[in-house]
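**Q** Let the hints inform the model, and build the full structure from the sequences given.
Read off the chains here:
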Amino acid sequence: MDATLILHLILWPPLIGFLINGLFGNSIPKWAVSIIACLGPLTSFTGTVLAYKFLSGPAHDIPLYTWFIVEGSAKINFGFYIDHLAIIMLFVVTGVGSLIHAYSTGYMHDDKGYSRFMAYMNLFLFSMLLLVLGSNLVVLFAGWEGVGLCSFLLIGFWFENKEYNKAAAKAFIMNRIGDLGFLVAIFLIINKFGGIEFTSIHETLMEEGQLNDPQIALICLMLFLGVCGKSAQIPLFTWLPDAMAGPTPVSALIHAATMVTAGIYLIARMYFLFDYSPLSLNVIAITGCITALIAATIALKQNDIKKILAYSTVSQLGYMAVALGVGSYISAVFHLMTHAFFKALLFLGAGSVIHGLHGEQDISKMGGLKSKMKWTYAVMLIGTLAIVGCPPFAGFFSKDEILASVYSKNFWYFLVLAFASVFTAWYMFRLLFATFHGQFRGSEVKFEKVHESSYSMVIPLIVLALFSMFGGFAGLPELTGGEHNLYKFLVQTIAQTRFKVSHLFEYSLWGITIVALISIAYLTYRKYATSSKVVFESGNSLVSKIILNKFYLDELYLILFVNPLKKTGSWIINQFEYGVIDRLIRIPDTLIESSSIALKNLQSGKLSWYLLSTAVSILLIVLVFIYR
Amino acid sequence: MQNLFYILSGLTIFAAIMVIISKHPIRSILFLVFTFFLISAHYVLLNAQFLALVNVVVYAGAIMVLFLFVVMFLNLNQDIERFKSWIPLSAAAISGACLFLVFFSAFRTSVLASHENTGGYQQGLVENLGEVLYRDYLFPMEICSILFLVAMIGVVLLGRKERVEPIKNLVP
Amino acid sequence: MSDLIFKLIFISVIFGLSLFIAMYSTYAERKLAAFLQDRLGPNRAGPFGILQPLADGIKLFFKEEFIPKASDRWLFIMGPGFFMITALMTSAVIPFAPDLPWNGQIFSMQAADLNVGILYLFGVVSLGVYGILIGGWASNNKFSLLGAIRAASQNISYELAMGLSIVSLIMVSSSLSLRDIVEQQNGWHWNVLYQPLGFLIFIICAFAETNRAPFDLPECETELVGGYHTEFSSMKLGFYLFAEYINMFVSSAVLATLYFGGYQFPFISSMDPGLTKTLLGAAVMFGKIFFFIFLFIWIRWTLPRFRYDQLMNLGWKVLIPLAVLNIILTGAFILFKS
Amino acid sequence: MNTIPELIRTVPLQHYLVLSTCLFFIGMIGVLVRRNIIIVFMCIEIMLNAVNLLMVSVSAYRGEASGQIMVLFIMAVAAAEVSVGLAIIVMMYKNLKTTNIDLFNQLKG
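Going down the list, the sequences are from chains A, B, C and D. For the first sequence, this note's numbering assigns the number 32 to the initial residue and increments by one for each residue that follows. For the second sequence, this note's numbering assigns the number 712 to the initial residue and increments by one for each residue that follows. For the third sequence, this note's numbering assigns the number 158 to the initial residue and increments by one for each residue that follows. For the fourth sequence, this note's numbering assigns the number 510 to the initial residue and increments by one for each residue that follows.
For the record, the hints were derived by calculation from the structure and aren't laboratory data. Don't take every hint at face value.
[Unchecked claim] Cβ-Cβ distance ranges computed for the label pairs, FRET-style:
id	chain 1	residue 1	chain 2	residue 2	range
1	A	T645	B	N786	28 to 34 Å
2	B	L849	C	P353	29 to 35 Å
3	C	P423	B	E838	29 to 35 Å
[Unchecked claim] Just so you have them, the derived chain A footprint on chain D, three or more residues with Cβ under 8 Å:
id	stretch
4	533 to 542
5	608 to 614
[As the list claims (entries may be wrong)] The calculated EDC-like cross-link candidates involving lysine to aspartate or glutamate, where the alpha carbons are at most 16 Å apart (straight line), are:
id	chain 1	residue 1	chain 2	residue 2
6	A	K637	D	D611
7	B	K734	C	D229
8	A	K223	A	D244
9	A	K440	A	D244
10	C	K434	C	E340
11	A	K403	A	E479
Everything numeric in this text was worked out from a predicted model, so none of it was measured. All C-beta atoms in this analysis are idealised placements derived from N, C-alpha and C, irrespective of residue type, glycine included.
**A** Dropping the structure here:
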């Protein structure tokens with residue numbers, strides 16, 4: 032099959048869906064909106080399957096047309112690039128995207144902005160596809176900005192609420208900081224390599240690249256700044272928990288499965304560049320470690336079901352970053368894929384719970400929902416087991432692979448990650464037991480109203496649960512004797528050597544994992560599967576206070592950046608804007624005003640005045656002619 | 712002969728000044744008629760007898776009668792010239808005087824072509840004028856008649872009292 | 158120099174003659190009216206009442222001089238004066254007799270031979286309105302003003318038809334000088350034979366211009382008390398009345414000059430220039446003038462007065478189109494003949 | 510009538526120019542100073558007549574008839590102008606009950 036045709040089949044349907052729903056969404060019936068909205072991702076998914084089936088061999092480069100030319104150095108195509116990494120990402124994006132779209136038709140059905148919501152979702156999907164398929168950094172950046180925009184729109188979807196708008200703005204601004212780094216990186220790349228296509232950069236690098244080149248290191252660090260913004264790494268991660276203001280499908284699609292992984296995808300895409308800069312790889316690894324640990328720690332004390340999942344996402348992104356940092360790119364992509372499955376599942380499950388409880392998000396007011404929401408409970412259980420790394424669920428294999436690869440490179444990173452995964456297990460079991468076991472902690476009336484969600488929501492959950500259960504088998508470890516299919520597939524794109532660990536370590540890791548999980552599950556069950564509300568209340572100790580307040584990071588940013596900026600801004604607006612610029616602008620303004628008043632008086636309507644002015648002008652003309 | 716010219720000129724200027732300083736419009740009109748007579752006398756001195764009489768007929772006999780008519784009809788006995796302020800008056804006077812001085816000095820110092828009066832002094836006679844008018848200025852003459860027609864229609868329209876009833880739709 | 162002295166003498170003679178004829182026109186008017194109405198008329202002052210005009214004049218002189226308080230004093234006095242002056246000015250261009258050769262000099266029996274004489278006539282006639290308007294307005298009286306405005310609009314209206322009828326006459330004579338026009342009419346070539354329609358229009362207009370019946374609306378007693386001279390008394394009233402008769406005399410002279418050959422009579426061309434010819438010419442001229450004065454008076458006591466709208470209709474809708482038609486016919490005729 | 514050319518020999522043309530200029534500016538100052546629109550209109554007539562006088566004098570001095578023809582046209586235009594202008598003044602008087610030029614202040618956008 033023709034690669035261009037497939038590209039068109041994948042790329043454009045969501046945009047068409049967006050245009051139809053965005054322009055005419057209010058004037059067509061809801062069922063039509065649903066169908067149009069779901070058809071886009073489904074068509075894209077079909078295209079992805081076709082691409083997987085029919086596009087054999089190396090990558091396909093499809094330059095559609097020349098977008099613009101940087102005078103003297105680079106020609107920038109509006110071009111696309113389909114390779115193995117892209118196909119994996121496409122599967123994640125379109126597959127999970129389609130399921131979440133289907134889920135949204137149920138979840139958002141009664142919202143008054145339904146068609147707007149579906150249009151935004153389609154636009155997001157289109158942007159994400161642009162990001163994944165772009166053949167150069169500029170097209171990728173376009174998609175990168177597109178998803179940022181959609182993220183902003185969807186976080187602030189319920190724009191009547193001021194807090195939500197603030198959260199949306201926060202996400203947007205945090206992303207801007209990262210995007211600045213990304214842009215600088217793009218300029219530097221154009222400057223250094225004279226081209227922006229991935230393939231051309233790769234070739235140039237192969238020919239002239241030097242290890243530890245400071246310019247490359249700078250480029251990599253700048254790119255990583257962008258990644259920090261988009262993928263919520265340590266300095267810039269605070270927007271992600273706040274982004275839970277958006278509707279739950281948004282959290283699932285954007286802030287768990289697809290958009291936040293864009294950074295990971297970018298580094299995997301540019302791995303050849305990072306390979307030349309060990310320094311930046313170390314920075315990435317350290318950042319990832321700290322992110323994973325801190326986010327997991329904060330998640331321990333959260334009571335909001337979506338916030339817990341959000342911090343968990345940050346933590347898991349930290350895992351991926353560490354995997355990238357130790358050069359194990361394929362492991363990172365593997366974890367990205369499984370994480371997309373189970374995190375989407377968990378978010379959607381949480382959404383189902385929230386839906387069933389009519390908007391309640393606090394787990395301290397839940398409990399005992401197992402009997403009421405059987406399907407939800409089942410899928411949440413699967414999701415939890417997957418994320419905590421219980422064999423043989425998806426998370427086990429990917430996490431195990433990351434841990435093993437990190438262990439093979441640096442023991443301290445491994446130790447941090449191990450701690451983080453213990454914390455992960457703790458807060459996930461806490462969430463599960465507090466929500467579904469024990470007694471309901473709200474009023475009886477409320478409990479009566481709890482109901483299972485509709486099929487349009489449950490069926491995507493079940494599909495995602497299946498993926499969470501069996502997705503891990505794409506990359507079986509060497510120990511089991513199975514084949515690591517994903518590695519075989521991806522290594523055609525990402526030339527990376529497989530790490531080596533001893534079998535003894537592998538076995539001990541598995542054993543420790545299982546023992547730890549069982550003990551943690553027992554402890555959390557005893558602690559949280561009760562009907563007491565007290566356990567959710569925060570302690571007064573210093574540590575719990577710090578954790579509860581998210582290490583005071585927001586406050587720190589407030590003091591360090593926001594307040595000085597605000598003060599500077601208000602100084603500028605008061606002193607410079609009103610004092611200098613306004614006065615400068617007023618000068619022509621007053622000039623024009625006074626002159627127009629004078630001119631207006633010229634046309635007074637009085638005949639005598641007209642006659643006089645005629646006489647004076649004749650006098651002037653005559654004088655000019657005489658004394659010329 | 713020279714004295715006659717200067718006496719006439721002095722009278723003309725005096726009458727013209729009286730036109731603009733008379734308080735009453737009727738007096739102004741009468742002084743204006745007098746001015747026109749004096750100008751006609753100048754025409755006679757310049758051997759333009761036809762124009763002199765046409766001036767009397769047109770200006771004194773027709774135009775000024777119209778003015779007189781209007782003033783009498785509107786009954787403008789009351790003095791409407793409320794003195795307002797010196798500024799517009801002095802501005803008018805000064806600008807007028809400046810322009811006058813400019814013109815006056817320009818004419819005083821102007822060098823005119825010598826009298827190459829070869830056509831005799833008969834150019835003011837009716838035969839001569841008629842010949843020139845109908846030979847060289849026939850077209851403007853015809854245009855003048857159209858001008859009169861237009862002016863006549865305009866005046867009739869302006870002076871009409873009743874509004875024309877809108878044409879009723881005759882077709883049932 | 159003798160030329161100038163003769164001019165002065167001649168002008169005084171014409172002046173006196175106009176006044177005298179006007180004076181006795183009043184007498185004639187009354188006598189004729191009496192005759193037409195089968196009564197005696199003035200017969201006390203002198204034989205057949207022949208001193209009656211003098212008596213009237215003396216009476217007017219000695220009447221009380223009255224100037225209304227609210228009137229404009231100077232204009233009130235100026236009005237009749239102006240009217241009188243314009244009436245007397247007209248006779249300056251009329252040739253009363255053939256030239257008189259005397260002592261090797263030729264004396265013209267015309268105060269001023271303007272080469273635009275007809276225009277002069279016309280101009281002076283158009284000025285006649287001022288006297289009426291000023292007098293009527295200065296009286297500060299509604300009836301006077303209405304009378305004055307009526308007179309003015311009547312005069313202006315009929316001036317147009319008059320002017321147009323003169324245009325056709327000029328086309329025939331191809332001169333504006335009255336003397337030339339008279340000279341052209343020697344023998345029986347009177348203009349009335351070539352311009353009968355023009356003559357008719359002209360004479361109607363002459364009646365209207367002099368405010369004589371049947372066009373005496375400006376002073377129509379039944380409607381406007383006394384017309385524009387309601388407030389006038391004494392000699393000022395005398396001026397107005399008297400000027401009308403002068404106007405009548407001048408109109409008759411103009412009529413005779415323009416249409417009836419002036420001083421021309423048959424066989425005049427066979428006579429030598431001399432005193433006899435001049436006197437005979439003058440006699441013929443005055444005979445014609447008296448005939449027209451008689452016509453004026455006859456019509457006054459015969460025809461009833463027009464209504465105002467009838468007057469305006471006649472002027473604008475009958476006489477002006479007729480005059481224009483006359484011009485076209487004359488032009489066509491001249492073109493055809495050449 | 511024969512004495513007329515003598516005048517042209519004894520009085521220079523400049524004097525006629527000055528005379529007509531004087532008349533013109535008397536008219537102009539009248540236009541600027543007076544407030545009664547009828548008087549203003551009359552002053553315009555004075556200005557027109559000043560120009561006429563100038564034209565006739567130049568025509569006479571140069572022995573050319575064109576100037577006098579121009580005067581004829583000016584008179585024709587003046588007659589038309591006066592009739593229309595007076596009609597307008599009468600209508601304005603009917604509407605505004607005044608002839609004060611300062612109260613005619615509708616001529617503006």
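**Q** None of the hints should be skipped; say for each whether it holds.
**A** Checked hints:
no.: 1; hint: T645/A with N786/B: 28 to 34 Å; in the structure: holds (31 Å)
no.: 2; hint: L849/B with P353/C: 29 to 35 Å; in the structure: holds (31 Å)
no.: 3; hint: P423/C with E838/B: 29 to 35 Å; in the structure: holds (31 Å)
no.: 4; hint: 533 to 542; in the structure: holds (count 3)
no.: 5; hint: 608 to 614; in the structure: holds (count 4)
no.: 6; hint: K637/A with D611/D; in the structure: holds (6 Å)
no.: 7; hint: K734/B with D229/C; in the structure: holds (13 Å)
no.: 8; hint: K223/A with D244/A; in the structure: holds (11 Å)
no.: 9; hint: K440/A with D244/A; in the structure: violated (22 Å)
no.: 10; hint: K434/C with E340/C; in the structure: holds (14 Å)
no.: 11; hint: K403/A with E479/A; in the structure: holds (9 Å)
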